[in-house]
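Asks: First to last, the sequence lines map onto chains D and B. So the first sequence is numbered by the numbering used here: it starts at 1 and just counts up by one. So the second sequence is numbered by the numbering used here: it starts at 1 and just counts up by one.
All clues stand as given, with none of them false.
Example chain D residues on the side facing chain B (calculated, C-beta under 8 Å, incomplete):
1. V245
2. D249
3. P290
4. I295
5. H369
6. D375
In silico negatives: residues of chain D with every beta carbon more than 12 Å from chain B:
7. N63
8. N173
9. T191
10. Y198
11. G218
12. D284
13. G315
14. I318
15. E326
16. E454
17. R587
Read the hints as simulated data drawn from the structure, not as lab findings. Positions of the beta carbon are idealized from the N, C-alpha and C atoms, including for glycine.
Listed below are the residues making up each chain.
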Amino acid sequence: MKRISIAMVAGLLAALFAVAPPVQAQQAKKPNIVIILGDDMGFADMGAFGSEIKTPNLDALANEGVRFANFYTHASCSPTRSILLTGVDTHLNGLGNMDEWTAPNQWGVDGYEGYLNNRVVTLPQLLKDAGYHTYMVGKWHLGKSPEQIPAARGFERDFSLLDGAASYWDMTNFTAAAPKTVFTENGRYLTRLPEDYYATKTYTDKLIGFIDADRGDGKPFFAYVAHQAPHDPFHMPREWRSRHVGEYDKGWDAVRQARLKRQIELGIMPAGTQLSERMWFVPDPIVLAPASRAILGKKMELYAGMVENLDFHVGRLIDHLKKIGEYENTVFIVFGDNGAEGTDLFKMIAGKPGTRDYLFAAIHWSQTHPNAWGDPGSYVGYGPMWAQVSMTPFSQYKGWLAEGGIRNALIVSGPAVKRPKGSVNHGLMHVADLMPTLLEIAGTGYPKTYKGRELTALMGKSWGRVLAGQAESPRTEQDYIGWEIFGNRAVRQGDWKLRWQYKPLGKGDWELFNLAADPAERKDLAGERPDKVRALVQLWDSYVRANNVVLPSRSPYETLDDQLPKRVPDDPGFPPLIYKRQFMPPRDMMADPKP
Amino acid sequence: MKPIAWMWLVVATMLALGALCPQQTLAQVPGRFYWKTLSDANAVPVIVNSVSGNTNPFDPAHTVTPGASLDATVALAGYARTFSLFDRAAMAAVLVPMGRISGDVTVAGRTFNQSANGFGDPMIEFNINVLGPPAQKNIPDVLRYEPGFSIDLLADLALPIGQYDSDQPLNIGQNRWYGRLGMPIIWQLGPWVPGQRTTLEFLPAVWLFGDNDNYVGQTLKTDPLFQLDAHLTRDLTEHFWGAIDGAWYYGGKSSINGVAGEELNNLGFGLTLGYQINDNLNLTIGYKSTVNDDAPGDLRMDSFMVTLVFGWHPLLEGARRLKGE
Numbered sequence: 001m002k003r004i005s006i007a008m009v010a011g012l013l014a015a016l017f018a019v020a021p022p023v024q025a026q027q028a029k030k031p032n033i034v035i036i037l038g039d040d041m042g043f044a045d046m047g048a049f050g051s052e053i054k055t056p057n058l059d060a061l062a063n064e065g066v067r068f069a070n071f072y073t074h075a076s077c078s079p080t081r082s083i084l085l086t087g088v089d090t091h092l093n094g095l096g097n098m099d100e101w102t103a104p105n106q107w108g109v110d111g112y113e114g115y116l117n118n119r120v121v122t123l124p125q126l127l128k129d130a131g132y133h134t135y136m137v138g139k140w141h142l143g144k145s146p147e148q149i150p151a152a153r154g155f156e157r158d159f160s161l162l163d164g165a166a167s168y169w170d171m172t173n174f175t176a177a178a179p180k181t182v183f184t185e186n187g188r189y190l191t192r193l194p195e196d197y198y199a200t201k202t203y204t205d206k207l208i209g210f211i212d213a214d215r216g217d218g219k220p221f222f223a224y225v226a227h228q229a230p231h232d233p234f235h236m237p238r239e240w241r242s243r244h245v246g247e248y249d250k251g252w253d254a255v256r257q258a259r260l261k262r263q264i265e266l267g268i269m270p271a272g273t274q275l276s277e278r279m280w281f282v283p284d285p286i287v288l289a290p291a292s293r294a295i296l297g298k299k300m301e302l303y304a305g306m307v308e309n310l311d312f313h314v315g316r317l318i319d320h321l322k323k324i325g326e327y328e329n330t331v332f333i334v335f336g337d338n339g340a341e342g343t344d345l346f347k348m349i350a351g352k353p354g355t356r357d358y359l360f361a362a363i364h365w366s367q368t369h370p371n372a373w374g375d376p377g378s379y380v381g382y383g384p385m386w387a388q389v390s391m392t393p394f395s396q397y398k399g400w401l402a403e404g405g406i407r408n409a410l411i412v413s414g415p416a417v418k419r420p421k422g423s424v425n426h427g428l429m430h431v432a433d434l435m436p437t438l439l440e441i442a443g444t445g446y447p448k449t450y451k452g453r454e455l456t457a458l459m460g461k462s463w464g465r466v467l468a469g470q471a472e473s474p475r476t477e478q479d480y481i482g483w484e485i486f487g488n489r490a491v492r493q494g495d496w497k498l499r500w501q502y503k504p505l506g507k508g509d510w511e512l513f514n515l516a517a518d519p520a521e522r523k524d525l526a527g528e529r530p531d532k533v534r535a536l537v538q539l540w541d542s543y544v545r546a547n548n549v550v551l552p553s554r555s556p557y558e559t560l561d562d563q564l565p566k567r568v569p570d571d572p573g574f575p576p577l578i579y580k581r582q583f584m585p586p587r588d589m590m591a592d593p594k595p
Numbered sequence: 001m002k003p004i005a006w007m008w009l010v011v012a013t014m015l016a017l018g019a020l021c022p023q024q025t026l027a028q029v030p031g032r033f034y035w036k037t038l039s040d041a042n043a044v045p046v047i048v049n050s051v052s053g054n055t056n057p058f059d060p061a062h063t064v065t066p067g068a069s070l071d072a073t074v075a076l077a078g079y080a081r082t083f084s085l086f087d088r089a090a091m092a093a094v095l096v097p098m099g100r101i102s103g104d105v106t107v108a109g110r111t112f113n114q115s116a117n118g119f120g121d122p123m124i125e126f127n128i129n130v131l132g133p134p135a136q137k138n139i140p141d142v143l144r145y146e147p148g149f150s151i152d153l154l155a156d157l158a159l160p161i162g163q164y165d166s167d168q169p170l171n172i173g174q175n176r177w178y179g180r181l182g183m184p185i186i187w188q189l190g191p192w193v194p195g196q197r198t199t200l201e202f203l204p205a206v207w208l209f210g211d212n213d214n215y216v217g218q219t220l221k222t223d224p225l226f227q228l229d230a231h232l233t234r235d236l237t238e239h240f241w242g243a244i245d246g247a248w249y250y251g252g253k254s255s256i257n258g259v260a261g262e263e264l265n266n267l268g269f270g271l272t273l274g275y276q277i278n279d280n281l282n283l284t285i286g287y288k289s290t291v292n293d294d295a296p297g298d299l300r301m302d303s304f305m306v307t308l309v310f311g312w313h314p315l316l317e318g319a320r321r322l323k324g325e
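Full structure from sequences and hints, please.
Replies: Set out below in structure tokens:
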């Protein structure tokens, strides 16, 4: 009997195995993951976030997924990227300061290496271990030496710009000291760029090639699409430069107002939201001559072209994924890496007449005629006025810890999202959340050690429950987020935000804002709520201790107070002098002079 | 460069490039003469030619005098103003030729060694764009201007009031009405960026002539003359450009008391260099010569030409004063 039973069980098992599909095929295929990062793309630059810029492909992702209107990055690019790829605070992962601005007192300090250090593991490394193909195209900015490049930090295939910015057309860099930008492809340093190179196009072509090359093995892929666009210089093919001719002559105030109106209609911002102050050194555009508005407006026309070109190439990628049947199984995550750029980078780079870098700029970056804007050799940024438009309705821009420097638009779509399509969420999110979220989506977790090294704990919170519609925020009211870069510092807990910034964009002291009531940070409540200041300063101190924050002894902003005009309040309509129109007396009271 | 500085530079460049300069009546016109600029701008051109050949350079009919050997110094001075008409770029100008000419002329078998000097027939000109960008009525329009492919209509009329001596065939004035209908064409090749601008330009035109009833006591009639000027122009730097010029003359058969001469069918080629001296002043120098001119009846003409165009606009002059320049 026993023998019969064993035989029967064995036969049953054999029959079961004979008809059962392989275990791997039985399980649903893990979703692909695509992170689309816009470099310096502002909170309000996509149509789905209130922009007049036409971004149908990004908007389609928003309409099929969910938009997050309370999402934070860092205030500049490499710090944000370091958090994105490690889930660890910048002061621990190696980007405690940007490599370009590491202060003397930070030199040699762990966490301030200027590249991703070896005490952190990267998202692609963990996803690769979880069975993913890992691809990267675009800007890296996290180290150039062989052990620091994308191939060494987890990407199987890459086509990467290692520098922080560059020409979109060729390998021309910005300074005489570093005249050539550095690229890698699959771990090899490129001696030249492909024929017909244009950054956004080529990155997309390369990624499509990577996906197709590995498609046969059935593994999911993780693609980090770190577009250079729309970072200045605004380089783009001619056909993308003239899609908005004259549209921005009306000036930045009108465009900001229109964007805010749409944001309120879309539910991105609550009704009653005010615009932040126009930077005090930016003129009211209505007092400018038409020529000034035209030439300044042209810069925004170009920026809009950059964003639309970016959207076009995102569309190419989406179309390809649809064509090969992978779109439905792909999680898309879209955001900008920091606030829009309001600083004149070229002025910083080119230096003054008589300097080495000025000479370099004269040779390589002197195509300054407006009709040449967009060509190789031209360098166009759009200035603080348009950066504020990109960051509508927030205050300030990239490099600063006002909301305009760190709040960004986030879109998540794909199989992980169970919230209503096209919905808007206002939960408090942070770029550090991506690591735990994506590991969860990939069915894996964050290890305590990696290759024998103990890892720093993650700072982020998974969005799993938020995406599933089971929670509105990954954070409780007690959770807080801290930032420090260039000596500017901030902490947010719940609706409250405390920040310290260099003068004159800051006060050189703590400022307190209630972001629920005042997202544009117009009213400093530090004087009215010293209790709240004390509580948040304590959180700041905790953040410093937990993350080895070393405030820099030097900062790019240390002399800014001497360079900008004295800060004055932004009072609309002041002074009345410049707004008064010609007085027209009653017709029946007019007369010629008597002889 | 600051935006306002660009505004200044773009407009000033357009002015100083000679875009306002009315065409020279006596030979092919230099390239870039029909480029457009801001409405209500002004220009004073001064054009000096040193011409040799077998035709009177003051006479646009280019009537060939076989065996003649003439030398002339021709100067033209004038005034031009641009304006907007029905939203199209338009220009009106008046040009007064002046100078001297001397040489051997054979008429009815007699050879004269003659000379003449004084003012020629003033010419008024009207030009309007009919295909291409609208008029540049403000500086934003100037900043956004690119000619693309543009076509103008051109009309000239010379007034027969210049120096004329009916006792001799060689004169500065022509003692007859004449004028021209033309169609300047500009074809932009590539980007419209100073330092890179390239154009192919054509000016097909028909010269029409009245009769001179007192040409050394005889009647001079001239058939219409078709003239095609062509220029391939190219920026060499932002302020320095060059052109290869060509011209074709066809028709224009003249008769004296019913005795017909030969019609023209001649080609000429030349080179021009232009330089923007400052925001207001542009200089061109050029040389051109007929090529198929071996037969006695062929048009034979070569000339050196120097043009100096001073252009200005009240807006820019005011801005300059504010800048303290």
